[in-house]
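Number of protein chains: 2
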Amino acid sequence: MLHLILADSELETVPLEISSDKSIGRKARKRGRRPTELILDSNYFHRPMKKLDDSERRGRPDIVHVCMLTALDSPLNHEDFLRFSVHTRQDKIIEVDPETRIPRSYNRFVGLMEQLFLTGEVPPENPLMKIEDATLPEKVKEVKPEKVVTLREDGERIRRENLFRELSRKDDLLAIVGGFPHGEFLSDVHSLSDQIIRIYPKTLEAVTAVTHIIQFYEEEHLENSLFDG
Amino acid sequence: MLHLILADSELETVPLEISSDKSIGRKARKRGRRPTELILDSNYFHRPMKKLDDSERRGRPDIVHVCMLTALDSPLNHEDFLRFSVHTRQDKIIEVDPETRIPRSYNRFVGLMEQLFLTGEVPPENPLMKIEDATLPEKVKEVKPEKVVTLREDGERIRRENLFRELSRKDDLLAIVGGFPHGEFLSDVHSLSDQIIRIYPKTLEAVTAVTHIIQFYEEEHLENSLFDG
Numbered sequence: 001m002l003h004l005i006l007a008d009s010e011l012e013t014v015p016l017e018i019s020s021d022k023s024i025g026r027k028a029r030k031r032g033r034r035p036t037e038l039i040l041d042s043n044y045f046h047r048p049m050k051k052l053d054d055s056e057r058r059g060r061p062d063i064v065h066v067c068m069l070t071a072l073d074s075p076l077n078h079e080d081f082l083r084f085s086v087h088t089r090q091d092k093i094i095e096v097d098p099e100t101r102i103p104r105s106y107n108r109f110v111g112l113m114e115q116l117f118l119t120g121e122v123p124p125e126n127p128l129m130k131i132e133d134a135t136l137p138e139k140v141k142e143v144k145p146e147k148v149v150t151l152r153e154d155g156e157r158i159r160r161e162n163l164f165r166e167l168s169r170k171d172d173l174l175a176i177v178g179g180f181p182h183g184e185f186l187s188d189v190h191s192l193s194d195q196i197i198r199i200y201p202k203t204l205e206a207v208t209a210v211t212h213i214i215q216f217y218e219e220e221h222l223e224n225s226l227f228d229g
Numbered sequence: 001m002l003h004l005i006l007a008d009s010e011l012e013t014v015p016l017e018i019s020s021d022k023s024i025g026r027k028a029r030k031r032g033r034r035p036t037e038l039i040l041d042s043n044y045f046h047r048p049m050k051k052l053d054d055s056e057r058r059g060r061p062d063i064v065h066v067c068m069l070t071a072l073d074s075p076l077n078h079e080d081f082l083r084f085s086v087h088t089r090q091d092k093i094i095e096v097d098p099e100t101r102i103p104r105s106y107n108r109f110v111g112l113m114e115q116l117f118l119t120g121e122v123p124p125e126n127p128l129m130k131i132e133d134a135t136l137p138e139k140v141k142e143v144k145p146e147k148v149v150t151l152r153e154d155g156e157r158i159r160r161e162n163l164f165r166e167l168s169r170k171d172d173l174l175a176i177v178g179g180f181p182h183g184e185f186l187s188d189v190h191s192l193s194d195q196i197i198r199i200y201p202k203t204l205e206a207v208t209a210v211t212h213i214i215q216f217y218e219e220e221h222l223e224n225s226l227f228d229g
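Heads up: the protein sequence lines correspond to chains A and B, in order.
Each residue of the first sequence is one higher than the one before, counting from 1 in the numbering used here.
Each residue of the second sequence is one higher than the one before, counting from 1 in the numbering used here.
This is chain A alone, in the form it adopts within the complex:
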């Protein structure tokens, strides 16, 4: 099983300190929410966000959206060999059931995240996503994987064979990918990881890291059964 965690993701609700901003207030009224119930989105709240620490990287639900879309549609997920979860800057963990259908529309996805932060699980009738308080080390401990790797542009260049050495399809490999646009992990990934690896020597988008690690795993463990004739 491949456990993929999008870590330190920039997904959060509007912080109290900017919740009295007029443009956020207008959007909240329009959506029938309190300002602090809205998902922080740098694309809409660029100006008020300037008051926040780390403002240049926060408010990026789009990164979570595109990573979820691609991860959940992968053959690896269809074959039930993937567990995808999201860890956020505020140490929340979103568990995503492999059967979840992610809204294709960005606005609907953000609406779903709003509801998730508000109620703790979505959809109400048959919850497929749940959000809980947990740090990245707590999540890793819960999975108890045979191996933990983190993807970073300054990681080690490795051969695919080495990544999977001594791991069978029954073993749990946990891969950590940063869910933020640039900068450093906020969590201490070094102490959690057996290996820090890279797939390319330049900065890549989170989604590119996600699709590549998934496909490495597919080719290692599903290729004979699926891709080849």
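Please keep in mind that the hints were generated in silico from the structure rather than gathered at the bench.
One should not assume that every hint holds.
Only pairs whose alpha carbons sit at most 25 Å apart, straight line, appear in this in silico SDA-like list of lysine to any residue [as the list claims (entries may be wrong)]:
#1 B:Lys30 to A:Asn107
#2 A:Lys22 to B:Lys27
#3 A:Lys170 to B:Pro201
#4 A:Lys202 to B:Glu99
#5 A:Lys27 to B:Arg108
#6 A:Lys27 to B:Lys30
#7 A:Lys202 to B:Pro103
#8 A:Lys144 to A:Asp172
#9 B:Lys27 to A:His46
#10 A:Lys30 to B:Ser105
#11 B:Lys27 to A:Ser23
#12 B:Lys30 to A:Gly111
#13 A:Lys27 to B:Arg104
#14 B:Lys27 to A:Gly25
Remember, it's a predicted structure, so these values are computed and weren't measured experimentally.
Based on these hints, arrange chain B on the given structure of chain A.
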């Protein structure tokens, strides 16, 4: 070089026959455009779109967006071995320069597409995307590739080695992926293709086909130089 064409993509402006719809008119006024200058979006124009032929598959700029985002951030593109283009239902071809930076925000992307359909190229000061009238066969003829493959769920299961047999890195492989949510290609891909292949026996999203064919090519032609130590 890998030439990747997202074919029969459901990207178009609002057709004349539904342009007098009130909800479309409101959105057009808000954006300072004529109704027929807006990009058709099934998420916003679901009701008026019911009058259109093939209404259940049309108006999907989100598919083009996520495919462009992932294709242009791939190591293959960074290494200048990818040419990505979009062919649409109305036989328009969008040529995308490998250096193009695609807006992460869906709404900004749709705004950019609006401008592209209106002016023929974007951004104005230094055009990186151009749109022209051309059918899929015309585009294939222009590329003159050594081999053409189309990805379809009912295609042939193949080994990666066979896909690339007799092709060197200097040769042009052209891969066709459907840029629509479901149903059949509108273009006659059979007569254009040397091989119809599949990467998985079930229906996949366009983005999953895009990321997989790109990574196959990367592993065949870039692996020694990039991925391995």
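For each hint, the structure was consulted:
| no. | hint | verdict |
| --- | --- | --- |
| 1 | B:Lys30 to A:Asn107 | 18 Å, holds |
| 2 | A:Lys22 to B:Lys27 | 24 Å, holds |
| 3 | A:Lys170 to B:Pro201 | 23 Å, holds |
| 4 | A:Lys202 to B:Glu99 | 15 Å, holds |
| 5 | A:Lys27 to B:Arg108 | 18 Å, holds |
| 6 | A:Lys27 to B:Lys30 | 17 Å, holds |
| 7 | A:Lys202 to B:Pro103 | 20 Å, holds |
| 8 | A:Lys144 to A:Asp172 | 8 Å, holds |
| 9 | B:Lys27 to A:His46 | 23 Å, holds |
| 10 | A:Lys30 to B:Ser105 | 20 Å, holds |
| 11 | B:Lys27 to A:Ser23 | 20 Å, holds |
| 12 | B:Lys30 to A:Gly111 | 22 Å, holds |
| 13 | A:Lys27 to B:Arg104 | 21 Å, holds |
| 14 | B:Lys27 to A:Gly25 | 23 Å, holds |
The structure fails none of the hints (numbered hints given earlier).
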